[in-house]
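Q: Whole structure, please, built from the sequences with the hints as guidance.
The primary structure of each chain is shown beneath.
Number of protein chains: 2
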Amino acid sequence: MKTGDLMARRQRALAPFHYHMFERPLHIVRGEGVWLWDADGRKYLDCYNNVPSVGHAHPRIVAAMSTQAAQLNTHTRYLHEGIVTLAERLLARLPDGIDTSAFVCTGSEANDLALQMARLFTGAEGVVVYDGAYHGNTALTLAASPSEYPPAERPEWLAVLEAPNLYRGAVLRDDPAPGQALLARAVAALDALEARGQRIGCLLLDCAWDSNGPLLAPVDYVQGLCAEIRARGGLIVCDEVQAGYCRMGAQWWGFQRYGITPDIVTCGKPMGAGHPVAAVFMRRDIAERMAAHQVYFNTFGGNPVSAAVANAVIDVIEDEGLMDNSARTGAYFLAALQELQARHPVIGDIQGVGLFHGLDMVRDAGTKAPFGRADMARLGNLIAQEGVITGTSGRHGQTLKLRPPLVFAPHDADLAVQAIDRALASFSPQEGRRA
Amino acid sequence: MKTGDLMARRQRALAPFHYHMFERPLHIVRGEGVWLWDADGRKYLDCYNNVPSVGHAHPRIVAAMSTQAAQLNTHTRYLHEGIVTLAERLLARLPDGIDTSAFVCTGSEANDLALQMARLFTGAEGVVVYDGAYHGNTALTLAASPSEYPPAERPEWLAVLEAPNLYRGAVLRDDPAPGQALLARAVAALDALEARGQRIGCLLLDCAWDSNGPLLAPVDYVQGLCAEIRARGGLIVCDEVQAGYCRMGAQWWGFQRYGITPDIVTCGKPMGAGHPVAAVFMRRDIAERMAAHQVYFNTFGGNPVSAAVANAVIDVIEDEGLMDNSARTGAYFLAALQELQARHPVIGDIQGVGLFHGLDMVRDAGTKAPFGRADMARLGNLIAQEGVITGTSGRHGQTLKLRPPLVFAPHDADLAVQAIDRALASFSPQEGRRA
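As you go down the protein sequences, you meet chains C and U in turn. According to my numbering, the first sequence is numbered sequentially starting from 22. According to my numbering, the second sequence is numbered sequentially starting from 22.
Hints listed in this document are in silico derivations from the structure and should not be mistaken for laboratory results. Bear in mind that the values here come from a model prediction, so they are computed numbers and not experimental data. One should not assume that every hint holds.
Any copy will do: because identical chains look the same in the list, a pair fits if it lies in one copy or spans two.
[Unchecked claim] Below, in silico cross-link-like pairs of lysine to aspartate or glutamate (EDC-like), each with a Cα-Cα straight-line distance of 20 angstroms or less: (1) Lys23 / Glu102; (2) Lys64 / Glu44; (3) Lys23 / Glu109; (4) Lys23 / Glu183; (5) Lys64 / Glu102; (6) Lys389 / Asp370; (7) Lys389 / Glu452; (8) Lys23 / Asp212; (9) Lys64 / Glu53.
A: Okay, structure coming up:
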């Protein structure tokens with residue numbers, strides 16, 4: 022199958038909102054570990070995909086999936102040990118008090134269920150999110166994702182906070198007390214929501230601020246915000262789809278970095294290394310309120326194959342020491358990126374931790390004028406031509422996002438930095454220039 | 022692992038809304054074709070599960086899944102042939118005009134996306150559903166599922182039609198023109214919605230009326246209703262999660278039975294024989310409206326493994342002649358159930374077609390007083406003790422639902438009928454008796 026023909030067939034058969042990445046779409050046919058191969062046999066280092074968390078086509082994941090599928094794949098209306106073991110293993114990694122789990126298929130379903138539960142439990146409809154947030158594709162989670170639709174359509178129950186970007190936000194790293202300054206701005210947004218007659222049901226918090234960054238926020242800000250939300254009757258829902266599963270280095274969950282204790286935790290993408298499995302963890306009283314009100318059933322959620330795969334992912338993370346790798350290789354990667362930044366002033370800022378870093382690309386280091394989207398696309402294509410797959414993020418799409426599978430090794434970090442170095446050497450931004 | 026211990030662990034770790042079926046929950050550990058085995062080695066004929074559409078643990082499905090998982094599992098932002106081939110094969114089975122597809126993970130996500138698209142395209146929020154309908158577990162699809170929550174909480178944009186049950190509805194089979202009488206009642210409900218200031222975005226229609234039955238409606242009613250919806254500016258969304266994939270005999274989709282042409286078609290459960298894969302098919306102009314308005318991405322939707330599994334399901338249906346089997350074995354099953362009804366007056370009515378039948382259980386054939394829920398539970402347990410797994414449905418929970426995998430053979434139908442016969446021989450309803 023030629024790539025051009027396949028592209029034409031795809032454009033005919035699939036919805037136009039099924040978009041693809043890169044100018045010349047990648048036609049990937051095989052994966053292994055941190056490597057992907059296209060139809061022409063070209064090899065790419067994967068610096069973008071967090072979903073194949075333990076590496077592409079990991080043999081233990083494939084074996085777990087195949088073995089269970091050959092045996093049984095039903096649903097949670099019968100007893101099965103797989104889902105119970107999975108629930109116990111993940112609950113053991115969560116703070117005391119979060120003792121109850123529900124399994125679904127996607128992060129969108131997880132966040133949708135979390136918002137439903139938070140609203141039922143508090144009796145309050147208000148949801149607090151960040152300006153660049155993406156929390157899912159269902160009608161409700163999409164409404165809670167201000168990055169995805171025109172600001173004029175924001176529902177009145179939504180409070181939108183400015184993401185805590187200390188490099189280019191309203192509060193900067195060298196402010197005397199950035200955490201408190203950020204908190205004052207957040208409090209004003211909460212006040213505005215309440216002034217509209219809305220009560221706060223929950224804060225929906227991605228501790229990596231993935232689609233804004235990643236960002237690293239002041240700890241006192243995050244703790245202060247959670248206290249404010251609680252004082253106003255709201256729950257803390259941590260969306261760990263991005264930040265969880267050792268993505269941010271030496272802890273299983275992103276919220277642990279900030280020393281906060283959520284009421285509800287959702288996770289998705291990395292849980293099944295590509296298999297559609299996701300979950301919601303919560304206090305039992307929150308789950309009981311839901312059970313008293315309505316039926317909830319998820320046909321595929323936590324089925325025996327999904328549970329086998331998700332258990333195998335935890336096995337691999339444990340046996341291959343991937344939490345430690347995320348911290349160590351992540352620190353090595355960051356140091357190498359900082360060295361790169363010293364040679365390339367277009368890298369305005371680097372934020373991130375563990376195996377999740379963002380390079381904020383600027384046309385001018387003084388004004389911090391961001392790269393435009395066309396330049397970022399061109400840069401991404403150049404880096405891909407150098408054999409490395411990256412992504413973009415950030416309010417202006419100006420952040421080069423580096424978020425490889427957790428099996429990424431220091432040698433892979435070297436390769437990635439060298440490729441970005443070569444791409445930047447031949448690159449100059451075109452947008453924003455005087456004609 | 023003892024079943025009792027496992028149950029206790031499950032109750033501790035899982036949310037109480039993850040309910041199980043049967044008084045003594047079944048602890049199923051293995052499946053093959055139409056058979057399930059519990060932890061004690063007891064064997065059950067599966068007369069309930071439509072999700073393992075081509076039979077439990079079908080070796081071709083397992084092989085397709087394993088082979089693809091060992092090769093690659095990414096997402097739709099890169100080109101991959103599997104999803105394109107899958108889209109083409111399913112679009113070829115749909116009416117002209119429905120030429121565009123989107124892949125998601127669950128029927129809930131499919132219906133949620135369909136409702137979002139219908140609302141965007143028509144600019145109208147109103148949704149028309151049936152009283153017993155279940156269309157999903159997201160906030161939006163749950164609101165469109167009146168079976169799942171208290172009637173007082175129905176949103177004002179929802180019009181709820183009475184399901185066309187010609188045995189126990191307001192319009193009966195022996196009315197002079199049941200289709201027209203049903204239509205008049207539906208029109209009144211649409212008028213009431215519009216009188217509330219709501220415009221109709223779509224009808225969300227399950228052509229099996231699964232959670233009300235299954236039911237068989239008059240063709241002129243369904244056609245007339247669709248014409249009414251269109252005349253008022255609404256789209257026809259067929260939810261084929263239950264009725265599609267040859268469930269209703271000699272056609273791929275349930276709506277074909279009624280000679281209607283939908284604008285959007287959703288499917289889920291049977292598509293992946295247990296693997297979480299689902300889809301939305303639509304007219305291109307509807308997809309284009311969505312693409313112009315917003316981003317839509319579904320991380321796991323249509324990934325290479327999901328596509329491989331869904332393609333294998335179509336292969337098996339074709340190669341094993343399962344559409345024909347659904348029609349033939351379904352007719353054989355129905356005849357045997359009708360013979361059973363002649364001997365058991367508690368079977369008030371039988372509705373269904375293909376491999377989807379419902380027995381409406383009555384305490385009194387004259388008054389049609391339905392079995393209560395406790396009696397239905399007791400009956401289901403008795404039939405399970407006889408080695409056959411069934412389900413319940415219906416407005417009062419009074420319908421014994423028979424909806425086996427599509428590989429169900431005439432011999433299996435005999436076994437099922439014999440088991441129900443034995444259970445009924447020792448059964449008398451307790452509820453509704455004078456004390």
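Q: Now, for every hint given, state plainly whether the structure supports it.
A: Comparing the hints with the structure gives:
1. Lys23 / Glu102: between (45 angstroms within a copy, 10 angstroms between copies)
2. Lys64 / Glu44: Within one copy only: 18 angstroms inside a chain, 55 angstroms across chains, cut-off 20 angstroms.
3. Lys23 / Glu109: Classified as between: cross-chain Cα gap 17 angstroms, same-chain 47 angstroms, threshold 20 angstroms.
4. Lys23 / Glu183: neither (45 angstroms within a copy, 52 angstroms between copies)
5. Lys64 / Glu102: Intra 40 angstroms, inter 18 angstroms, cutoff 20 angstroms: inter-copy only.
6. Lys389 / Asp370: For Lys389 and Asp370, the Cα distance is within 20 angstroms only inside one copy (9 angstroms; across copies 74 angstroms).
7. Lys389 / Glu452: Classified as within: same-chain Cα gap 14 angstroms, cross-chain 75 angstroms, threshold 20 angstroms.
8. Lys23 / Asp212: For Lys23 and Asp212, neither the intra-copy (57 angstroms) nor the inter-copy (54 angstroms) Cα distance is at most 20 angstroms.
9. Lys64 / Glu53: within (10 angstroms within a copy, 40 angstroms between copies)
This entry does not satisfy hints 4, 8, going by the numbered hints stated previously.
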